[in-house]
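Could you put the whole structure together from the sequences, leaning on the hints where they help?
Take a look at the letters that make up each chain.
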Amino acid sequence: MKKILYGTAYSFKEIKNSKIFYSFLIFALILISGSYFVSQTSFINQGRIMVDFSIFAISIFNIFIGIFIGASAVYDDIEKKSIFLTITRPLKRTEYLIGRFLGLAAAIIFSTVIMMLIFYAVLLIMHKFIVPVGYSAGNVKDKFTFYSLPQPLIIQALFIITESIFIASAALLFSLITSKALASIFAILVFFIGNVSGRMNDLIMPVKKIINGKIVIVHQANHILAAIVHFIYTVLPNFSIFNISSEAAYKVNISAGAIFYRIIYGLSYTVLLFVISSLIFAGKDIS
Amino acid sequence: MKGIMIELKNVTKYFRVGFFGTKKNAVENLSLSIEEGKVTGFFGPNGAGKSTTIKMIVGLINPSDGGIKINGYDASDYRARLKLGYLPENPSFPRGLKGIEIINYYSKLLDKRINKDEIYDALKLAGIFYAKNIQANKYSKGMTQRLALAVSILGDPEILIFDEPLSGLDPIGRKEFKDIIFKLKERKKTIFFSSHVLADSKELCDSIAVLVNGRLIKNKDVADIEKEAEGYAEKKKDYRLPAEYSTPLEIYLYDLMLKNRKN
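Residue numbers (this note's numbering), protein chains in the order written: chain A, 33 to 319; chain B, 5 to 267.
Just so you know, the hints here were simulated from the structure itself, not pulled from any lab data. It is possible that part of the hints are untrue.
Selected chain B positions facing chain A (in silico; Cβ < 8 Å) [stated by the list, open to error]:
1. ASN66
2. ARG83
3. ASN94
4. ARG99
5. LEU101
6. ILE104
7. TYR110
8. LYS112
9. PHE133
10. ALA152
11. VAL155
Here chain B is said to cover these stretches of chain A; the calculated rule only asks that three of the stretch's residues, wherever they fall, bring their Cβ under 8 Å from a Cβ of chain B [as the list claims (entries may be wrong)]:
12. 111–123
13. 311–318
These numbers were taken from a predicted model, which means no experiment stands behind them. Each residue gets a CB set at the ideal place from its N, CA and C atoms; glycine is no exception.
Right, here's the structure in full:
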């Protein structure tokens, strides 16, 4: 356990110092800060536009961090041979991999928190979309109001973390069986398909109408096509459940059950992919 | 007879190459025992399978056939590496971390507590203490090699495995590195190092193993091989010396590799 924790800290430090991590973080921060100017293009719902734009930036850059750093974390260690000194210590390969992955997860959490803090600061300055949560009792002069982000925005940040760690585990798995570039492409494909598979599945559902009191199928997609889409929908993870930007934009609170279910869904897939990665890594020749 | 620290029994390693995954042997039916407290040189031309053998010993790659035991443990078991230090060929470290941060991390991966003085001693012995606060990606090749050496000797391991420790170093660096190996030899460490530089053989080793085309063609004490080499030199009086070899031992090893490489 101690070795895993040291591995996590070392991995986090290494990722934090990497150029790719900084580039994504800085890019995201520029976009979040720039969301104000984008919102000025509209006369109505400027707050909503800011939220939509910023959440998109936070989400996409964390996904990028998950994919590109996930695909390179172990792959680069092997390519640059820096792994040689690590796993020839009295350390199990699984311990090394857990440390590496937790370091990556910590980096994703770190970047999300930084981005959300900047986003919060922008909203605070603009005095939009923030909610007062309390003020001190006592003298009226001493009163101060603390502003928080609305619940759906905080939950959205939690979902972005879950989703990014999840896609990082997929990128890590692919990087153990193929090249870094291909691993990144496969992870992007999984993410893309996982985002649209739900909608595709809805589209191939038979269109039914009630005619003369009876339910009649008026349109049905090709059976083979329907089977393929349904198979993809069932096998590949559904990433669209982590996107609650509409709820966030309209400040619709998310129920505890939905939050719990979606986080467990993401974590289960992450653990599954990580276990497969561990099994592959345990038998891998590192040369 | 001293104890056996590393034992390879009928080890074969093949890699699959080409579109159809044809098997190609890198190491073939290799049996070798490394005795405690001895310095064993592992010589052979480039591509002989020296690095592959070393990687199998330290658990980086798995043998296709046969078994490797270190201190009684299978090489794939992490306990086999409890008393083992490994210096890879062309080591490298992650960007953005200082030498001291790197060695601190590796000290935590050992199963015993390493204090600051021990870390400093390892850095001093490897001759890199002065650069401990510099980021490792700014190190020269020699400095990186020294930091990796410091990492490998951390925790005072009984077995040290060096893969081409002198390659790419300048003459001063080579001399200093050899001095470090001598110091470790004085401490009765079991050292197994690979090299293709024959001049290192007599100077550093107690015994020599020669690998060509993945097959072990010689494994004897230096004294025995020297006798063979002298006999060989007498028989073959008309030979022309390759410019870089001066002693009968070097010429003998050179001819041995040359003959077997073509078979």
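Now for the hints, and whether the structure bears them out:
{"no.": "1", "hint": "ASN66", "verdict": "holds (6 Å)"}
{"no.": "2", "hint": "ARG83", "verdict": "holds (7 Å)"}
{"no.": "3", "hint": "ASN94", "verdict": "holds (7 Å)"}
{"no.": "4", "hint": "ARG99", "verdict": "holds (6 Å)"}
{"no.": "5", "hint": "LEU101", "verdict": "holds (6 Å)"}
{"no.": "6", "hint": "ILE104", "verdict": "violated (13 Å)"}
{"no.": "7", "hint": "TYR110", "verdict": "holds (7 Å)"}
{"no.": "8", "hint": "LYS112", "verdict": "holds (4 Å)"}
{"no.": "9", "hint": "PHE133", "verdict": "violated (18 Å)"}
{"no.": "10", "hint": "ALA152", "verdict": "holds (6 Å)"}
{"no.": "11", "hint": "VAL155", "verdict": "holds (5 Å)"}
{"no.": "12", "hint": "111–123", "verdict": "holds (count 11)"}
{"no.": "13", "hint": "311–318", "verdict": "holds (count 3)"}
When each numbered hint is compared with the structure, violations occur for hints 6, 9.
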